[in-house]
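All chains should be built: construct the whole structure from the sequences, respecting the hints.
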Amino acid sequence: MSQTKHKIFDHLVETEKLFASGRVDFKVIEGQHGGLLSYLPSADFNLIRLGSLDADFINELKEQKVSFTCFSKENIEEFFENFTVSQGFESSYVLEANLYSNLENFNYAPDANIKIEKITDLEGLKKFDHIASIAFKSPEGFPFEIAKTVTNHPDLNFFLAYIDGNLAGCGLLSIIDGVAGLYWDGVLPEYRRQGIGAELVKHRMDYARKKGSKSICAQNMESSKNYYHRIGFKPSGTLSMYSCNVA
13 MSQTKHKIFD HLVETEKLFA SGRVDFKVIE GQHGGLLSYL PSADFNLIRL
63 GSLDADFINE LKEQKVSFTC FSKENIEEFF ENFTVSQGFE SSYVLEANLY
113 SNLENFNYAP DANIKIEKIT DLEGLKKFDH IASIAFKSPE GFPFEIAKTV
163 TNHPDLNFFL AYIDGNLAGC GLLSIIDGVA GLYWDGVLPE YRRQGIGAEL
213 VKHRMDYARK KGSKSICAQN MESSKNYYHR IGFKPSGTLS MYSCNVA
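Numbering of the sequence shown is given in my numbering, commencing with residue 13 and proceeding in unit increments.
These are computed hints drawn from the structure, not numbers from a lab. C-beta: ideal position from N, C-alpha, C; glycine also. If a hint is listed, it holds; no wrong ones were tucked in.
So the derived label-pair ranges between C-beta atoms look like this:
1) Arg204 <-> Tyr120: 18 to 28 Å
2) Gln44 <-> Gly207: 41 to 51 Å
3) Phe118 <-> Asp66: 34 to 44 Å
Distance condition first, Cα-Cα at most 30 Å in a straight line; then the derived DSBU-like pairs of lysine-lysine:
4) Lys77 <-> Lys160
5) Lys29 <-> Lys222
6) Lys77 <-> Lys29
7) Lys127 <-> Lys138
8) Lys74 <-> Lys29
9) Lys127 <-> Lys226
10) Lys39 <-> Lys19
11) Lys222 <-> Lys19
12) Lys149 <-> Lys246
13) Lys222 <-> Lys138
14) Lys226 <-> Lys29
15) Lys29 <-> Lys130
16) Lys160 <-> Lys19
17) Lys246 <-> Lys127
18) Lys139 <-> Lys149
19) Lys29 <-> Lys39
20) Lys139 <-> Lys160
21) Lys74 <-> Lys85
22) Lys149 <-> Lys77
This is the structure:
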């Protein structure tokens, strides 16, 4: 189960790296560590998976005034919490790794009241940015900035949700080596508890199935994990995420 969990979090890292496509200002981290530095002034948009307790690497980022979110690879997981304390990181949140296998057997019956639309241009991405900024409480403009060169990337698929003609939600689907992943699920507060989040999940599952994916993964916070379990996602463990915010 631990191996499955870490493969699911590998998917997150590989998805992040895709955002560097067409960017010379972003840095993909390869080798011992993995991730993406966008250098935007927000820990949420600089993600690192550490493969060793590398204080020198951390100090370099601090000297560069880069705020970041980090988590551990499997080999250092048991030592990572103590390391984060020594580095002065803040505990941000815990994510549960979930996997849905046998995606080819997934049956989807669309909700007639909710329309899901795939984004194909920057105008659509601006709408995505608006929802994401509110839903995730991130600085407005940052989701657009990080995604503006990958709107039509073959392995990244951005979606908007509408209910009664009103823009209500967003979501991202990535496909890495045939395995799909669900990311950036957000619904505006005034439209929550109307099935929009569920429809976004199911639509992307069906989209991935049609693209040939046999499985799909997600990393969920406590508030949403039970819904994924009801659909048929199987949990494989959790990882804690930590942030380093440089003033």
